[in-house]
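Those protein sequences? They're chains A and B, same order as listed.
Start counting the first sequence at 1; every next residue gets the next number (the numbering used here).
Start counting the second sequence at 1; every next residue gets the next number (the numbering used here).
FYI, nobody ran anything at the bench for these hints, they're computed from the structure.
Note that the coordinates shown come from a computational prediction; the quantities given were computed from them, not determined experimentally.
When chains are identical, the list treats them as one kind, so a pair holds in a single copy or across two.
Cross-link-like lysine-lysine pairs, in silico, DSS-like; alpha carbons within 30 Å at most:
#, residue 1, residue 2
1, Lys314, Lys355
2, Lys314, Lys364
3, Lys296, Lys358
4, Lys367, Lys38
5, Lys364, Lys296
6, Lys367, Lys314
7, Lys245, Lys364
8, Lys26, Lys367
9, Lys245, Lys234
10, Lys76, Lys26
11, Lys2, Lys132
2 protein chains.
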Amino acid sequence: MKPNPHFYPVILAGGRGTRFWPLSRKRRAKQLLALDGKQTMIQQTVARLLPMASARRFWVITNHDLRAALLRQLPKLDSKQVLAEPVGRNTAPAIGLAAFLLLRLDPDAVLGLFPSDHVIADFDQYRATLSKGIEIAAAGANIVVLGIRPTRAETGYGYIEAVATDANGSLRVRRFTEKPDLATARQFVDVGNYFWNSGMFLWRADTLANALRQHLPNTAPILEKIAASFGTRKFAETFRRLYPKCENISIDYAVLEPRSAKGEGQSRIFCLPSDFGWNDLGSWTALHEHHVSKSKPADQTLISASGSFALNAKNNYIHAPGKFVAAVGVSNLVVVETDDALLITTLDRSQDVGKVVKHLDERKLTKLT
Amino acid sequence: MKPNPHFYPVILAGGRGTRFWPLSRKRRAKQLLALDGKQTMIQQTVARLLPMASARRFWVITNHDLRAALLRQLPKLDSKQVLAEPVGRNTAPAIGLAAFLLLRLDPDAVLGLFPSDHVIADFDQYRATLSKGIEIAAAGANIVVLGIRPTRAETGYGYIEAVATDANGSLRVRRFTEKPDLATARQFVDVGNYFWNSGMFLWRADTLANALRQHLPNTAPILEKIAASFGTRKFAETFRRLYPKCENISIDYAVLEPRSAKGEGQSRIFCLPSDFGWNDLGSWTALHEHHVSKSKPADQTLISASGSFALNAKNNYIHAPGKFVAAVGVSNLVVVETDDALLITTLDRSQDVGKVVKHLDERKLTKLT
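Bound conformation, chain A alone (with noise of 0.2 Å):
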């Protein structure tokens, strides 16, 4: 397979993951932590693109918490590839940026946009999706979004309702659907047309930049303007003054949602079922399932310490890389320990760290967070 000298990977790195939460920090958000193996997030995701495009075609858009952190860990890309947004404004303006920005480079620019904090386990099948996807992708005005088959009714994911195949191999999407209910979500996996949103997608700055001039007419220009100034020296004034005035909206809102309700089958949004061990490894419980059915250990408990000693352990997560663990006749816990805060929940309830960093939030606690 021929990588295609079109392909831009945007990777959109500016999330908090605060159900990481005492590992995850403002300035040290999940994308920048080893969660899974030596490398961080974003690393993972960049070498396993690397492949399929030179580093000098990545982008990445993150804020400025984050951004000095990114290009220490991402040294093959230079800092004018890392853009800080100066306010957060959602994705729709973030990818409009990108798309503008690469058609001024390249007018036949295929955008593959990337969350930065998912783990997958099947790299070859990866990247022959994503091929696949680039190819549909560069033919014309369509946008491919790569849909998970679902394993699971899981409601902390979006859906993707497919009608039809297409005659390039991909489904037509009818409908995106928001986290539902677990009934919705179960009728959803036994139906089984619905896929998971992987926020993975591919489409010509072009058509991007189209679908943004006619979708969100008032911020398009914005973008154009502040895109126009890249590479002068008035660039970060510009991007400083005119970005908050875009739009705060997310790209599915403001394009894909209108977009496949509008056709009924004959939109030109397809869907590309993928299956390469996608994870998006949304919890500390996520994460101990992903090691424990990598490593399987016979009690299910994984500790990562200096030292341990489980009696009657069962089920549990802990983490606390300087100190000796003992554990003792405990189940299904997640304890995470750093140098100045202790995690002490269930996998059953990890969902709920993130009200601990709203907690932080409401009382100011700043270097906590």
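Dock chain B against chain A, hints included.
Frame of chain A; chain B shown alone:
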């Protein structure tokens, strides 16, 4: 109540207290910890006895691992008053040595034997009971034990069977019983004439010396020789050379049990029923109960930390003084953090913490013990 000028408190402070690991260590045993309030257990023990005897009349028997720390914690005591056994020989030789030492200082000495790691709630009641006990002990060849009225069928304690009220207001002891099984313990509590052995005893030094001469005829002369060298240049060397030759036996087994069994209600051992809020704080769970009973937190969760946030947490004991602790959806846990270790267990299983120390001993992980 006038203090008895012949009363000498002898505090046994050689225990290791492994069930408070990781806070307790070889050189920082339970008696050296401030588990209950600002003072350490040994400091509390001395403080509540000081109104009964001036500081110079105290004796502390410990081991070499703990002696320096004990002296630092007890600045009112002279270094001569804190004896470190060259080797552990259980309680009979330790107490016997104290008896022979005191006999040389004061032929009318009344020796009070005290564990160093218990808490007592009602000091006035405690000292009133002690005064009465000293009176009985001083009056003749009597042995007085403070008996705690049992509040539950505890299998971790020794029990005292009392048979009849004596003219002096105490009960005659019929029998000492080692830690019973649960059914037996329940029977003891139901019957009503059984008391927990508090480990607090009162007797004249000559009574104790004579008892040792009778029951431990080989050991008593050794102890007399050591005591005879006290205050001379030869004491340290004599202690180190002769003490290991003593029998390794508890005072209960050597003296109390044979004496009580003989008399059948006519023994000279008296039990003083004691009601002063005694607690031996035998485990993290006991400590949790003790604190909860005092501070009555709504969710029975106790967190000592630099800041904390509890969400749906109930009935936990968490100690991580330097950290911000977040407890989310957890119950019945014990979590204790030190510079080098992290213990995670449950209130139901905290008695197994000693097994962690056993494991560390076996692996020779001496830094952690």
